[in-house]
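The chain contents come next:
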Amino acid sequence: MEEREQNIRLGLFVGGGVLLLLAALFFLGLSSFFVSEEKVYTTFSESVQGLTEGSQVKYRGVPVGSVSDISIAVDDRIVKVEMKIRLDNFINRGTHEMQRQKFADYLRKEIGDGLRCRMEYAGITGMKFIDFDYFGKPEDAVPEAPEGLIGRDDLYLPSVPSTFKDISATLVSAIDRLSNIHFEEISGELESSLQKLSNLLSDPAIRSTIARTNEVVEHLEATASSVEKVFNEDEMQTMRENLNGALRSFRNLAETLDKRTRQIDFHSAQDDYHSLIVQLKQMIDSMRILAEYLETDPQSVLQGKGKQER
Amino acid sequence: MKNSEIFLIRVRRRLLDAADKCVLPLEFLGAVAAALPSLFRKKGLRLREFRYYLALCGSKSLPIVLLISLLMGGVLGIQAALQLTKFGAEIFTADLVGFSVLKEFGPLMVAIILTGRAGSAFAAELGTMKVNEEISALETMGIRPVGYLVLPKLVAMLLAMPVLTVFGDVAGIFGGMAIGVSVLDIPFAAYWSRTIDVLDGITMLLGILKSVVFSLLITLAGCFYGFQSTSDAQGVGRSATQAVVASIFWVIVADALLTVLYSFIGY
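In order, the protein sequences belong to chains A and B.
Going by our numbering, the first sequence opens with residue 1, and the numbers climb by one from there.
Going by our numbering, the second sequence opens with residue 1, and the numbers climb by one from there.
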């Protein structure tokens with residue numbers, strides 16, 4: 001009985017271990033034997049430093065395969081990259097052959113719509129992956145595969161230069177432009193301009209103007225402050241409304257006058273017109289007196305003349 | 001006899017002793033190799049002993065292997081996390097733990113545990129048999145003690161250790177995963193996905209191949225020092241100690257050599 005129990009225990013140990021090994025091997029790569037894959041080729045005319053066999057291939061960020069081979073086309077000075085794409089990510093129905101055909105059709109159509117591949121950094125380690133995305137435009141002409149490098153029936157996905165290459169090119173261009181700038185000349189001109197400016201500022205007339213400007217500003221500030229002391233916001237609002245009303249009345253008066261003057265006979269009403277002019281002159285004089293009074297005693301607008309006397 | 005002659009005789013004796021000590025392991029290895037064909041004969045392997053050693057080295061060692069591997073994976077995960085979080089690269093904890101456990105720590109920890117459990121036991125057992133003159137009795141009966149006593153242990157270890165390594169690997173990865181998920185807040189699915197993305201079956205199989213080599217070394221060292229034990233109680237203790245020290249030393253040396261060899265094939 002004890003022997004039987006020991007056998008069961010050993011069977012569990014060995015059987016469990018073997019099953020665990022098979023499961024681990026399945027998850028860690030052997031499952032790929034049962035996955036339909038299709039090879040897609042591309043070429044790069046830039047350095048592929050950081051891209052290795054096994055590097056990921058992503059379609060808009062989704063892992064869809066890996067790099068399976070990297071070779072150099074010596075004559076063309078370009079790097080040919082072979083990628084294995086898992087077809088289940090794109091077409092998950094039908095037999096392997098059907099999946100391949102559908103994927104090929106799909107890829108050709110998408111290339112026409114601007115699908116291209118590009119190398120991207122996978123992180124801070126310098127490793128790279130290949131990203132499939134619509135970097136091209138539908139109206140762009142589809143680049144042809146380099147002659148003799150890619151088979152007629154093989155799937156070819158054109159590549160675009162990577163962003164870091166663009167950045168590098170931009171930097172080189174910027175440095176070139178910077179090197180074309182004559183800093184010494186600019187420095188000399190700047191120095192001369194500063195000297196002229198210094199001479200100008202030391203001119204007595206300019207100094208006097210600045211001093212007078214300062215005085216004017218000080219006067220303005222004092223005036224503003226006194227006005228602020230006398231009138232608060234509500235009073236100012238009331239005054240503004242009153243002034244608007246007076247202006248409206250004045251405009252009505254002017255319009256009425258205009259109408260009347262058109263209607264009347266100037267020759268016959270010359271005396272009336274004269275008396276009107278006299279009255280208007282008197283009114284303007286009164287307004288001037290009022291304005292002067294207000295200037296000397298602004299508080300009378302609120303308190304009135306009589307109130308102040310009291 | 002002159003002093004110089006006495007000195008030369010002593011040097012000669014020391015050299016012969018040293019040569020004997022160097023030859024003894026080779027002699028033992030040769031005897032084991034010569035006994036291997038007997039495994040393929042009918043009743044060549046003593047099943048009862050094989051079962052006993054398989055239980056000793058395998059199923060009875062499983063709990064401690066699982067516990068230590070789980071903790072080792074967790075420790076690796078914490079250490080990786082402490083460094084990788086500085087760069088915002090926590091997800092690479094899965095890479096570090098996975099590769100470390102499968103390639104190094106899984107086989108190595110199991111080997112060290114089995115050295116303590118089985119290697120010393122083999123040496124003590126054979127040493128005691130020598131004290132009791134059971135080995136002499138076997139020789140008197142015309143039974144080759146090396147084949148009779150070593151082969152069941154060797155076969156049991158060759159089977160038990162790779163299986164234990166598989167368990168240890170999985171436990172180590174889950175230990176790292178527990179840290180990644182609980183401490184680093186990496187989603188379980190992301191950690192799992194990253195682990196199966198970066199690891200491959202070949203890496204795991206190469207780790208298990210290491211464990212096969214380690215099992216050979218531990219068994220041979222344990223049995224060799226058991227046979228070399230002197231016929232007294234203290235000799236048994238010494239042989240057990242020597243077996244453990246030699247096993248660990250040769251396991252580490254073999255691990256280093258295998259790592260270099262694997263690097264040649266890109267692993």
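Hints are computed from structural coordinates only; laboratory data are not their basis.
Values in this document were obtained by computation on a predicted structure and should not be read as measured data.
Hints should not be assumed to be uniformly reliable.
To spell it out: a stretch of chain B is covered by chain A in this simulated footprint if at least three of its residues, at any positions, have a beta carbon under 8 Å from a beta carbon of chain A; those stretches are [claimed, not checked]:
hint, stretch
1, 67-78
2, 152-165
3, 217-228
Non-contacting residues of chain B with respect to chain A, defined by C-beta distances greater than 12 Å in every case (computed) [stated by the list, open to error]:
hint, residue
4, Ala18
5, Ser38
6, Arg51
7, Leu62
8, Gly88
9, Asn132
10, Val170
11, Ile173
12, Leu184
13, Ser231
14, Asp232
15, Thr241
16, Val244
17, Gly266
Beta carbons are placed, not taken as given, at the ideal position from N, Cα and C, and that holds for glycine.
So, going through the hints one by one against the coordinates:
1. Note: the stretch 67-78 of chain B has 0 residues with beta-carbon separation from chain A under 8 Å; the three-residue rule is not met and the coverage is violated.
2. Restraint check on the stretch 152-165 of chain B versus chain A: 5 residues with Cβ-Cβ distances below 8 Å, three needed, restraint holds.
3. Only residues whose C-beta sits within less than 8 Å of a C-beta in chain A count toward coverage, and the stretch 217-228 of chain B has 0 of them, not enough to reach three; the restraint is violated.
4. Look at Ala18 (chain B): its CB is around 42 Å from the nearest CB on chain A, clear of 12 Å, so calling it non-interface holds up.
5. Even its closest Cβ contact with chain A, about 22 Å, leaves Ser38 (chain B) beyond 12 Å, as expected for a residue assigned away from the interface.
6. Non-interface status of Arg51 (chain B) relative to chain A is broken: a Cβ of that chain comes within 12 Å, the nearest being about 6 Å off.
7. Distance check on Leu62 (chain B): its Cβ comes as close as 6 Å (rounded) to a Cβ of chain A, failing to clear the 12 Å threshold; non-interface status is violated.
8. Once the 12 Å rule is applied to beta carbons, Gly88 (chain B) is inconsistent with being away from chain A; the minimum gap is 8 Å.
9. Every C-beta of chain A lies more than 12 Å from that of Asn132 (chain B), the closest at about 25 Å, which supports listing it as non-interface.
10. Non-interface status of Val170 (chain B) relative to chain A is broken: a Cβ of that chain comes within 12 Å, the nearest being about 6 Å off.
11. At roughly 9 Å from the closest C-beta of chain A, the C-beta of Ile173 (chain B) falls inside 12 Å, breaking its exclusion from the interface.
12. Against the 12 Å criterion, Leu184 (chain B) stays outside the reach of chain A, whose nearest CB is about 16 Å from its own CB.
13. Distance check for Ser231 (chain B) against chain A: the nearest CB is about 33 Å away, which clears 12 Å, and the non-interface claim stands.
14. For Asp232 (chain B), the condition that its CB be more than 12 Å from all CB atoms of chain A holds, with the nearest at approximately 34 Å.
15. Remark: the non-interface label on Thr241 (chain B) is consistent with the geometry, its nearest Cβ contact in chain A lying 29 Å away (cut-off 12 Å).
16. Every beta carbon of chain A lies more than 12 Å from that of Val244 (chain B), the smallest distance being close to 24 Å; the non-interface claim holds.
17. The beta carbon of Gly266 (chain B) is not kept farther than 12 Å from every beta carbon of chain A, the shortest such distance being approximately 9 Å.
Checked against the numbered hints above, the structure violates hints 1, 3, 6, 7, 8, 10, 11 and 17; every other hint is satisfied.
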